[in-house]
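Asks: Take the sequences, apply the hints, and build the full model.
Protein sequence lines correspond, in order, to chains A and B. 1 is the number of the first residue of the first sequence in the working numbering; add one for each residue after it. 1 is the number of the first residue of the second sequence in the working numbering; add one for each residue after it.
These are computed hints drawn from the structure, not numbers from a lab. In this text, a Cβ means the ideal position worked out from N, Cα and C, and glycines have one as well. Just to be clear, a hint being listed does not mean it is correct.
[Claimed, not checked] Restricting the straight-line Cα-Cα distance to at most 25 Å, the calculated cross-link-like pairs of lysine-lysine (BS3-like) are: (1) Lys154(A) - Lys251(A); (2) Lys147(A) - Lys251(A); (3) Lys144(B) - Lys251(A); (4) Lys92(B) - Lys147(A); (5) Lys127(B) - Lys144(B); (6) Lys147(A) - Lys87(A); (7) Lys136(B) - Lys53(B); (8) Lys154(A) - Lys127(B); (9) Lys273(B) - Lys260(B); (10) Lys260(B) - Lys53(B); (11) Lys154(A) - Lys92(B); (12) Lys154(A) - Lys87(A).
[Claimed, not checked] For the chain B half of the interface with chain A, some residues (derived, Cβ under 10 Å), not all of them: (13) Arg94; (14) Gly96; (15) Asn101; (16) Glu104; (17) Ala105; (18) Trp109; (19) Pro119; (20) Tyr150; (21) Pro151; (22) Arg166.
[To be verified] Counterexamples of contact, computed for chain B against chain A with all Cβ distances above 10 Å: (23) Ser155; (24) Leu264; (25) Asp265.
Spelled out from the first residue to the last, the chains are:
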Amino acid sequence: MKRLQPLLPFVGVAVLLAVWSLTVWMRVVDPVLLPSPFSTFRAMWTGMTSGKLGLDFLKTVERTVYSTAIAAVIAIPLGILLGSSEKVYRSVEFLIDFFRSTPASAMFPLFLVLFGVGDRTKISVAAFGAALVILFNVAYGVMNARKTRLLAAKVMGASRLRVLFDVMLLESLPQTFVGLRNGVSLALVIIVVAEMFIGSQDGLGHSVFEAQQLFEMPRMYAAIFAAGVLGYGLNLLFLLVERRFVHWSGK
Amino acid sequence: MAGAQSIATADPARKVHDPTHRTAPHVTIRGLSKRFSDTAIYDNFDFDIPRGKLISVFGPNGCGKSTLINMIAGLFPVDAGEILFDGQPVSKIRFGYVFQNYREAMFPWLRAFDNIAYPLRLMGVSKAERTARVGKLVAHLGVKIDLALYPYQLSGGQQQLVSIMRALIVNPEILFLDEPFSALDYEMTLFMREQLQRVFMETATTMVLVSHDLEEAVYLSDRILLLSRHPARAVEFVAYDAPRPRTLETMSEADFISTKAHCLDVFQREVRKG
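Replies: Given below as structure tokens:
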């Protein structure tokens, strides 16, 4: 039994594939709406290797990476600055919480006016959403630095600046990574939605939407799965980076 | 206040002491007052900490044992009063502080070695000298810990030992320990008492230990400061002169038992007053 333990995560996948195949085989759902797993994965394979899906995938990766990077570059230093003084943070907390709660998709028309139709709008809306999530997490990470650790540094004679760089910054890293993971997920959501509508020519969102319009169901499912793979992969990537560089997280 | 008056040595001029003057008190506390919201924890408190002795602070819960050393070490501001080390303020002296919660006091992103060397880095000591000084301290104390490990890879006792070494690396004039062993299991506590006693015998640094364990307080100390409920007074400053190194056998000697019983008596009298 023990030796089979590592296989547990695959049980759910196998059950899903089995139920899906059975549904198709028993014709519970119209086969036009639900293609078989085989034809879906074949569409995914050909799309990724020789079709347009691979290009769309890369486009979405590019936009998500850009927006997350812009968000991180702005939000991490700002979060540290705000978090290092609780009074400053409290004075802007409402604004951050308000815009964090505002659906970023509601900002599309505004950003369209500002940046026109094209990548700049998509990337800046996604960056806007991700930046607030990252900012909030970084600021809280800095503010919630263990009091004892700050006192320990102070007792050893560290200046305020040294405490900030030697302790607060490192203390906030685990929370910063939580922010980055949430931020990249949100950026991906916004990018995919943006690719569906405003004058898009490429990207996974466009691919899903176009396949649906053309009633090419295997291709649509393939694009959905590709988006899933991307989201999961980005999250995993950040987790691995965190485990490598923030080795003390959760210990 | 009568008790506190009899303890404080008469030194109205409070002149700057010559540090080599070994019989002068190391730390003089005069007119210390501290309030937390409505409660006066200290009200015009006077006390002298003798030089080169290990003293323990013991008293009822919430009487302000930790607050006292936190104020002496400058972690908490005082409302009124003066605390001087050989006539100097805390900002002018080198001291070490060991926290109860070693897990939160260590820097988990630094290896044990770099944790110990961190105060030297703050002082701008070169890497070569940092390595040399940590090596010297390790040899001096006979510590057998792999210092290349991160704190979370060490046992609780090892972590606390590392944090004691971090406090000692600057050759402090005085070492404060805030319930340093209370988060450890009994076996580790016994071991750590031996380690601390050894450090004290090796370095003869003035040490102020806050303890909630009377056995530990008496066993380790030259003098035990018994505090009253707040506003805290020094009820008694009990002397215990058993020769060092003290061992587990020391704890069954008549002298130890009677000192501990006396402290417990005073303690219970103070607790009942509340």
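Asks: Now, for every hint given, state plainly whether the structure supports it.
Replies: Status of the hints after comparison with the structure:
no., hint, in the structure
1, Lys154(A) - Lys251(A), "holds, 23 Å"
2, Lys147(A) - Lys251(A), "holds, 17 Å"
3, Lys144(B) - Lys251(A), "holds, 23 Å"
4, Lys92(B) - Lys147(A), "holds, 24 Å"
5, Lys127(B) - Lys144(B), "holds, 22 Å"
6, Lys147(A) - Lys87(A), "holds, 17 Å"
7, Lys136(B) - Lys53(B), "holds, 24 Å"
8, Lys154(A) - Lys127(B), "holds, 21 Å"
9, Lys273(B) - Lys260(B), "holds, 20 Å"
10, Lys260(B) - Lys53(B), "holds, 18 Å"
11, Lys154(A) - Lys92(B), "holds, 14 Å"
12, Lys154(A) - Lys87(A), "holds, 20 Å"
13, Arg94, "holds, 9 Å"
14, Gly96, "holds, 8 Å"
15, Asn101, "holds, 5 Å"
16, Glu104, "holds, 4 Å"
17, Ala105, "holds, 5 Å"
18, Trp109, "holds, 5 Å"
19, Pro119, "holds, 4 Å"
20, Tyr150, "holds, 7 Å"
21, Pro151, "holds, 8 Å"
22, Arg166, "holds, 8 Å"
23, Ser155, "holds, 14 Å"
24, Leu264, "holds, 31 Å"
25, Asp265, "holds, 34 Å"
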